[in-house]
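Letter by letter, the chains look like this.
2 protein chains.
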Amino acid sequence: MNPEKQREARGWFEELRDILCSSYEAFDNSSFVGTRWKHKWKGGGLSSSIKGNVIEKGGVNTSTVEGEFSQDFRDKIPGTENSPSYFASGISVVLHPLSPHIPSMHFNTRYLETEKSWFGGGIDITPSLNFEQEAKEFHTSLHECCNRHSKDYYPKFSKWCDEYFYLPHRKERRGIGGIFFDYHNTENWEKDFSFVKEIGRFFHHYSKSIIEKYHERTWNDSEKEQQLIKRGRYAEFNLLYDRGTRFGLETGGSTEAILMSLPPLAKWQ
Amino acid sequence: MNPEKQREARGWFEELRDILCSSYEAFDNSSFVGTRWKHKWKGGGLSSSIKGNVIEKGGVNTSTVEGEFSQDFRDKIPGTENSPSYFASGISVVLHPLSPHIPSMHFNTRYLETEKSWFGGGIDITPSLNFEQEAKEFHTSLHECCNRHSKDYYPKFSKWCDEYFYLPHRKERRGIGGIFFDYHNTENWEKDFSFVKEIGRFFHHYSKSIIEKYHERTWNDSEKEQQLIKRGRYAEFNLLYDRGTRFGLETGGSTEAILMSLPPLAKWQ
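The listed protein sequences correspond, in order, to chains A and B.
Residues in the first sequence are numbered from -9 upward in steps of one, following the numbering used here.
Residues in the second sequence are numbered from -9 upward in steps of one, following the numbering used here.
These are calculated hints, taken from the structure and not from any lab test.
All figures in this text were calculated on a predicted structure; none of them were measured in a lab.
Hints are not guaranteed to be accurate.
No copy labels: a pair is met if it fits in one copy or bridges any two.
Claimed, not checked - Here are the simulated lysine-lysine pairs, DSS-like style, with alpha carbons at most 25 Å apart:
no.: 1; residue 1: K126; residue 2: K198
no.: 2; residue 1: K214; residue 2: K203
no.: 3; residue 1: K126; residue 2: K32
no.: 4; residue 1: K214; residue 2: K41
no.: 5; residue 1: K257; residue 2: K214
no.: 6; residue 1: K181; residue 2: K214
no.: 7; residue 1: K28; residue 2: K161
no.: 8; residue 1: K32; residue 2: K161
no.: 9; residue 1: K198; residue 2: K187
no.: 10; residue 1: K41; residue 2: K257
Use the sequences and the hints to build the structure in full.
Structure follows, in structure tokens:
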């Protein structure tokens, strides 16, 4: 266990939370409401949620917990052969904008320690309407952002994202991709941490700029309908397949914090 | 394998489907629309769905399939030690009424054959508003219906229902219970089959009478809101925990037929 690194990681996740919340509040008439929760063993988190006019439902959650993995998890998680203990700190953000012109956006980064240590996380967006040109620009900027750290990251992590955010029963992707990574440890902690910080800043700038660009554009009923159906798919993915959701519910996390990712309103035909 | 019993069971499930569909169409301005689908190995089903003024979204599905269980399923399912082959025929009904005064209602019965054979199924209802008096009457009639077959059934099957339709992460029941049973085989096939038929008829009469009683009562925004939130919980249960949903998606059933159980519109706060 590395208390120094734990503090540093946690400090950044909480700093980023404050940056994001202030930023989103600035173009919405609503404020984030924070709820603190305690983990059943040690630690807890702060769930900040907004129900606004631009972001219909959004959550920015940070949590830092310590605990012991059950046998079931130990079989799957590195560094738990000798001890079930873990430390986990992270930030998780989901934004469901009211406007169908603005994609739902998801971002998270986390730092894990068992007898090993690593970072995980990702960014991905889920538009409801045609977003082809924007999607290209999103991927180009994200690619550039990753390249500043390693040419290997974007090809590997965007593929991982496409594979992960997939609904096999629908033969559909959840959104239009992004990046996803886990067990990330290049043996250079500072370098890995600087990558994690950079994608946090990327998400901040991207989400802000896309909301600013589209939040005043009007929409019709058919566009709203497409959004509600897309949100149904989003809920399906998160409840059927998302590892973070299952991990959280099965390890005693806060249900409200975990399920803040679910959309405000969703439709199934 | 017992082709005679398979035919009889299937015949009843399809007869009941026609009874239910005609009955629901009679008090709604809409008709059921049927979609036939084929299973990847052998067999298939008919998904009948309605989008009506009284039943906002409803599905009556029958299916009869033959196949082989994967190893993962064989470890859990009786009579598959020597052979992975199975036959399954059943009917599954979910009604999501528009009115928050009428509960969502769920019913299914099925006949399974591996090297063993059994029936499974159940009835349960999920009201959104106060339903206390109605709930008592529902349980009393269901109890009487079960008692005509065995005094043991209601206590055992209603407990099973309460345990099954439970959302541990919310510490909430999905609805107000009913009955749930599986691997039901008393070594008297005719007797077991007559029980299965009787609860099908019970569901027909109960669902019809409760819709007739409440469908003209008006509601306000707050009552509608409560219904949408309750439906969110319903979607959570079905996607996170329902065995039928997972079984269906993992064994190559029809996604549309399996997910017809999801509500037309649901809300997460």
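Notebook entry, point to check: When no copy is named, should K214 and K41 be tagged within, between, both, or neither for a Cα gap of at most 25 Å?
Noted result: Both ways: K214 and K41 sit 18 Å apart in one copy and 19 Å across, limit 25 Å.
State whether the alpha carbon distance between K198 and K187 is at most 25 Å within one copy, between copies, both, or neither.
-> Answer is within: at 17 Å inside a copy they meet the 25 Å cutoff, but 59 Å across does not.
message = One pair to classify: K32 and K161, alpha carbons no more than 25 Å apart. Within, between, both, or neither?
response = between (40 Å within a copy, 22 Å between copies)
- Message: If the cut is 25 Å between Cα atoms, do K41 and K257 qualify within a copy, between copies, both or neither?
- Response: Both: 19 Å inside a chain and 13 Å across chains, each within 25 Å.
Intra- versus inter-copy proximity for K32 and K126 (alpha-carbon distance at most 25 Å):
For K126 and K32, the Cα distance exceeds 25 Å both inside one copy (43 Å) and across copies (43 Å).
For this session: Have a look at K28 and K161 and pick one of within, between, both or neither, based on CA distance no larger than 25 Å.
Result: The answer is between: 17 Å across copies meets 25 Å, while 38 Å in one copy does not.
Alpha-carbon proximity context of K214 and K203, limit 25 Å:
within (18 Å within a copy, 34 Å between copies)
Worksheet entry | 25 Å Cα threshold - placement of K198 relative to K126 | For K126 and K198, only the intra-copy Cα distance (18 Å) is at most 25 Å; the inter-copy one is 53 Å.
- prompt: Is it within, between, both or neither when you check K257 against K214 at 25 Å Cα-Cα?
  reply: both (10 Å within a copy, 15 Å between copies)
*Given identical chains, is K181 near K214, meaning Cα to Cα at most 25 Å, within a copy, between copies, both, or neither?*
This pair counts as neither: shortest intra-copy Cα distance 43 Å, inter-copy 52 Å.
Consistency note: the structure conflicts with the earlier hints numbered 3 and 6.
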